[in-house]
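As they're listed, the protein sequences go chains C and W. Each residue of the first sequence is one higher than the one before, counting from 1 in our numbering. Each residue of the second sequence is one higher than the one before, counting from 351 in our numbering.
What the hints contain is simulated information worked out from the structure, not anything from laboratory work. Computed from a prediction, not measured in an experiment: that's the story for all the values here. Possibly wrong hints are sitting among the right ones.
Below, simulated SDA-like cross-link-like pairs (lysine to any residue); rule was C-alpha separation at most 20 Å, straight line [unchecked claim]:
| # | chain 1 | residue 1 | chain 2 | residue 2 |
| --- | --- | --- | --- | --- |
| 1 | W | 662 | C | 310 |
| 2 | C | 328 | W | 639 |
| 3 | W | 598 | W | 639 |
| 4 | W | 692 | C | 303 |
2 protein chains.
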Amino acid sequence: MCGGVGSRFWPYSREDRPKQFIDFLGTGRSLLQMSYDRILPLVPKENIIVVTNEKYAPLIREQLPELLPHNILLEPARRNTAPCIAWAAYHIAAIDPEASMIVAPSDHLITGENMYCECVSRGFEFVEAGDALLTLGITPVRPETGYGYIQIGAPVADDINKVKTFTEKPNLELAKVFLETGEFFWNAGIFLWKASSIINALRRYTPDLTALFDRGEGLFGTPGESDFISRNFGACPANSIDYAVMEKADNVYVECARFGWNDLGTWSSLYDNSPKDADSNVARGGNLVAYDSNGNIFVTPDGKLVVADGLKDYIVADAGDVLLICPKADEQRIKQMVNDVKMRFDEDYL
Amino acid sequence: MCGGVGSRFWPYSREDRPKQFIDFLGTGRSLLQMSYDRILPLVPKENIIVVTNEKYAPLIREQLPELLPHNILLEPARRNTAPCIAWAAYHIAAIDPEASMIVAPSDHLITGENMYCECVSRGFEFVEAGDALLTLGITPVRPETGYGYIQIGAPVADDINKVKTFTEKPNLELAKVFLETGEFFWNAGIFLWKASSIINALRRYTPDLTALFDRGEGLFGTPGESDFISRNFGACPANSIDYAVMEKADNVYVECARFGWNDLGTWSSLYDNSPKDADSNVARGGNLVAYDSNGNIFVTPDGKLVVADGLKDYIVADAGDVLLICPKADEQRIKQMVNDVKMRFDEDYL
Chain C
1 MCGGVGSRFW PYSREDRPKQ FIDFLGTGRS LLQMSYDRIL PLVPKENIIV
51 VTNEKYAPLI REQLPELLPH NILLEPARRN TAPCIAWAAY HIAAIDPEAS
101 MIVAPSDHLI TGENMYCECV SRGFEFVEAG DALLTLGITP VRPETGYGYI
151 QIGAPVADDI NKVKTFTEKP NLELAKVFLE TGEFFWNAGI FLWKASSIIN
201 ALRRYTPDLT ALFDRGEGLF GTPGESDFIS RNFGACPANS IDYAVMEKAD
251 NVYVECARFG WNDLGTWSSL YDNSPKDADS NVARGGNLVA YDSNGNIFVT
301 PDGKLVVADG LKDYIVADAG DVLLICPKAD EQRIKQMVND VKMRFDEDYL
Chain W
351 MCGGVGSRFW PYSREDRPKQ FIDFLGTGRS LLQMSYDRIL PLVPKENIIV
401 VTNEKYAPLI REQLPELLPH NILLEPARRN TAPCIAWAAY HIAAIDPEAS
451 MIVAPSDHLI TGENMYCECV SRGFEFVEAG DALLTLGITP VRPETGYGYI
501 QIGAPVADDI NKVKTFTEKP NLELAKVFLE TGEFFWNAGI FLWKASSIIN
551 ALRRYTPDLT ALFDRGEGLF GTPGESDFIS RNFGACPANS IDYAVMEKAD
601 NVYVECARFG WNDLGTWSSL YDNSPKDADS NVARGGNLVA YDSNGNIFVT
651 PDGKLVVADG LKDYIVADAG DVLLICPKAD EQRIKQMVND VKMRFDEDYL
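Assemble the whole structure, with the sequences as input and the hints as a guide.
This is the structure:
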């Protein structure tokens, strides 16, 4: 899944080059490329499919030239994850009705790739043996208030349990309780299932959506597919797969994963995952000369010099035509800022 | 006088385009151009001479195309104001031994140009009638601690007094006393005298300097002048005209001026002299969207958007390859910052 706009990282992430296409960690590979590299040992290249917004097609081709052109599914509109996953499942099921699939966001950070591979392999074995919707739950390592949590129920296999509840982002007090009980895992938005299992679940819990895709019967996996999507995808109701299916279905399981995971959903998470200097400053892209400044993250164009004095715990993001200076504690306001900028300057700076 | 480097305004003012060449107030004219415009009603065009460092010759020609080419005096080295003024005086005296002259910095702000013209005209009358070194003293309007002051002595003509003392920058308490007494005026570094008067004073108080220029007798005002300067100017001891002459001579007078004046020597003075929005922010060059931010000055490339949150009384200066973020209260540290940057990155960012 590669269609997000990454507005929380504006102005570093822009509408024409969102977060997943950026070399976010300065490794030389974008988050999308890292996601591709990670999945390559697990899924044959010809079975790796990228679903994205049609405006990002050139970026996908540029960053993943080895991806087969017909494995890029281009959404003509943004409709959240349920329609995206439904399309992919119909597409895959048309090619192989018995196929199983992993659904992976392309803009997250994962460390410990061996653990990841083991976990995903075990997950595939589990979903291929029955009719199960499996989500990966990440073992929490801190009382994070920015994530949703999954409470585990009865064990059904090694490291695999029934899901008891999905919970929204908790406050800090509750997050600490979650961490102590050992029953709660971070909801990473990574799913495994047979294509037929998710289509069945979608049919049951979002019949409007599947009714729409069912009209394309015989077209998926054929040259007529993209034309069908162009005409019909916009009519899909926008909905997340969590809300549409996962929180409703009764065949939902969680595999407890131990690899490192971060959704890089916030500047603070990028800060936390970046190397820091002696004053706990992160400088990405440019050179930093700092006085009485600590706990900041500076993201600037390559080679730019930042001289900072008297800044504590700020985000300083210079994107060439836009400069954002904002306390890390205020980063939840950035979406509102982007809206304000849009109101005042139209699309100029988005 | 147009040879300064303006390092206190780094990175907005750069070695290759210092403060006097910048459209500092967003009026469409640089400080140098404004200085030229201001002097034009007082001095015939063919008598306006610019003394600058030789590296700025192209900038002078670009900004003042109407200036006569032989009226640009190019210093091969930086030696402060005494050698600069000495050269100009020798040059002018060679053309007209009876000439009087005004010495004016090119990087200050002056408002009330009618008052300025009256003041300068009266000053010329005074210095042409005798052997006097006249400095303009600006009527202070606040207890400024960033300027030197002139204490007036006995009156000798309308608004013209003997100088009693020159004083260094006072602390705030003393500056308040200065303001109350009515005896103290800001030292603006604007001088009027006959060329012969200042040469005589230089001969008396800095004989080393005049000995050097006297060796060029017969060359000033001729094609041989620039070659002579190239070979000899570097040997001049660096010194200010205040220290070399004004604080020592006994024929020093001050004309009390009432026009508005600001040496634009600090970011705070630029802030004070710029229009502000409802939150007391100054935004120059770019567009500003501010939250919980006030008392700041933002200077950015044209059209750049700055989104600021939680900044109070900061300087934010974006010069393309350098971004400075610094509390206004710390601006006296900027010179040290420039030195630190030079140590770490050589000339890259100067």
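Evaluation of the provided hints:
1. 662/W to 310/C: This hinted pair holds, its Cα atoms lying about 11 Å apart.
2. 328/C to 639/W: holds (17 Å)
3. 598/W to 639/W: Cα-Cα ~53 Å, so violated.
4. 692/W to 303/C: holds (15 Å)
Hint check: a violation occurs at hint 3 only; the rest are consistent with the structure.
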